[in-house]
Amino acid sequence: KAGVTQTPRYLIKTRGQQVTLSCSPISGHRSVSWYQQTPGQGLQFLFEYFSETQRNKGNFPGRFSGRQFSNSRSEMNVSTLELGDSALYLCASSSLGGNEQFFGPGTRLTVL
Amino acid sequence: KNEVEQSPQNLTAQEGEFITINCSYSVGISALHWLQQHPGGGIVSLFMLSSGKKKHGRLIATINIQEKHSSLHITASHPRDSAVYICAVNSGAQKLVFGQGTRLTINP
Chain A
12 KAGVTQTPRY LIKTRGQQVT LSCSPISGHR SVSWYQQTPG QGLQFLFEYF SETQRNKGNF
72 PGRFSGRQFS NSRSEMNVST LELGDSALYL CASSSLGGNE QFFGPGTRLT VL
Chain B
-12 KNEVEQSPQN LTAQEGEFIT INCSYSVGIS ALHWLQQHPG GGIVSLFMLS SGKKKHGRLI
48 ATINIQEKHS SLHITASHPR DSAVYICAVN SGAQKLVFGQ GTRLTINP
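Chains as they are written, first to last, in the numbering used here: chain A, 12 to 123; chain B, -12 to 95.
Hint data in this document are derived by calculation from the structure and do not stem from the laboratory. Note that the structure is predicted; figures quoted are calculated from it, not measured. Here a beta-carbon is modelled for each residue, glycine too, at the ideal position from N, C-alpha and C. Hints are not guaranteed to be accurate.
What the hints assert, rightly or not - With the Cβ distance kept under 10 Å, some of the chain B side facing chain A (calculated, not the full set):
1) ALA0
2) GLY3
3) ILE6
4) GLY15
5) GLY27
6) HIS43
7) GLY44
8) ILE47
9) GLN87
Stated by the list, open to error - Over 12 Å on every C-beta distance to chain A, these chain B residues come out as not near it, computed from the model:
10) GLY28
11) GLY39
12) HIS60
13) LYS82
Bound-form chain B, shown alone:
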């Protein structure tokens, strides 16, 4: 079993829909990261959080430490949000452990 599990693996939605991507982890962590990767490979860090909730524009990330679960929400989704979203955790000695990613496609 992977230490970091994401669901769903693939998600297709229509423009304007509310999107939720989930991440569960099985190890103790010091922080959790949400990353975005566009075709071509470049990775952008969206959020780093260790408790509570963070918001940036249309993106919201939450984490529940007791339940070892985090969610990434996108409100009013847009085709430019189409990308792979990756959850990663800082686990023991600070190295990052990654989920397998969620491929999001937003159709106009």
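Here chain A stands alone, though its shape is the one from the complex:
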């Protein structure tokens, strides 16, 4: 089976812009979770989607949003980018929420 894929792998944006990141889970996995990793805060949970419904949300402002499509692919969107949004964004899929998660390679976002 192909692993979790994320696109793009690298992205450079400027403050105030918005960005959309994509995640394709392992075939058959219905749960997709998103995480932000920064040197200062480490890994933090953003949100989880299961069967097109957001099941959990972390403590991030409303500028961070996501969605999941019927084929389980997921996107996350960050609007009005700030310098502090520079991070590695990881998604992970699992067959059911809470089970072993399989991580994608991440998208490294730099905000200038």
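Start from chain A and add chain B according to the hints.
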């Protein structure tokens, strides 16, 4: 205080040494995960456990639910084991809460 605490934060050892990384948590959990992250960012799930002990090759993970503590052991360490090891727990509503990670360096 973080909900998940790891120690040590950094660990340097010589090839062949026995390595132990500790994880303590303060919340109720349904499962605990050990993850490995190499330079470049890719994360690999090593173990998911809710009780007892699991072994995979040279890696062993244990958990003590009563003491809210888990350990990751590496036997016969090798330079390719150099990575950041992250403990994470499924806490309430299944979301993952992460420790700050342990940076392990194994010198030849």
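Hint check results:
Hint status for ALA0 (chain B): violated, given a least beta-carbon distance of 23 Å to chain A, over 10 Å. Interface restraint check for GLY3 (chain B): the shortest CB-CB distance to chain A comes to about 29 Å, outside 10 Å, so the restraint is violated. Look at ILE6 (chain B): its Cβ only gets to about 21 Å from chain A, farther than 10 Å, so that hint breaks. Taking 10 Å as the C-beta contact cut-off toward chain A, the hint placing GLY15 (chain B) at the interface is violated, the least distance being around 13 Å.
Below 10 Å, beta-carbon pairs count as interface contacts, and GLY27 (chain B) has one with chain A at about 8 Å; its hint therefore holds. For HIS43 (chain B), the interface hint is violated, the least distance from its beta-carbon to any beta-carbon of chain A being 13 Å, above 10 Å. The closest approach between the C-beta of GLY44 (chain B) and any C-beta of chain A is roughly 17 Å, which is over the 10 Å cut-off, so the hint fails. For the restraint placing ILE47 (chain B) at the interface with chain A, the shortest Cβ-Cβ distance is roughly 17 Å, beyond the 10 Å limit, so the hint is violated.
Because the closest C-beta pair between GLN87 (chain B) and chain A is about 5 Å apart, less than 10 Å, the hint holds. Remark: the non-interface label on GLY28 (chain B) conflicts with the geometry, its nearest Cβ contact in chain A lying 5 Å away (cut-off 12 Å). With a cut of 12 Å on Cβ distances, GLY39 (chain B) stays outside the contact zone with chain A, its closest approach being about 16 Å. For HIS60 (chain B), the condition that its CB be more than 12 Å from all CB atoms of chain A holds, with the nearest at approximately 20 Å.
Taking the minimum C-beta to C-beta distance to chain A, about 5 Å, the non-interface status of LYS82 (chain B) is violated against the 12 Å cut.
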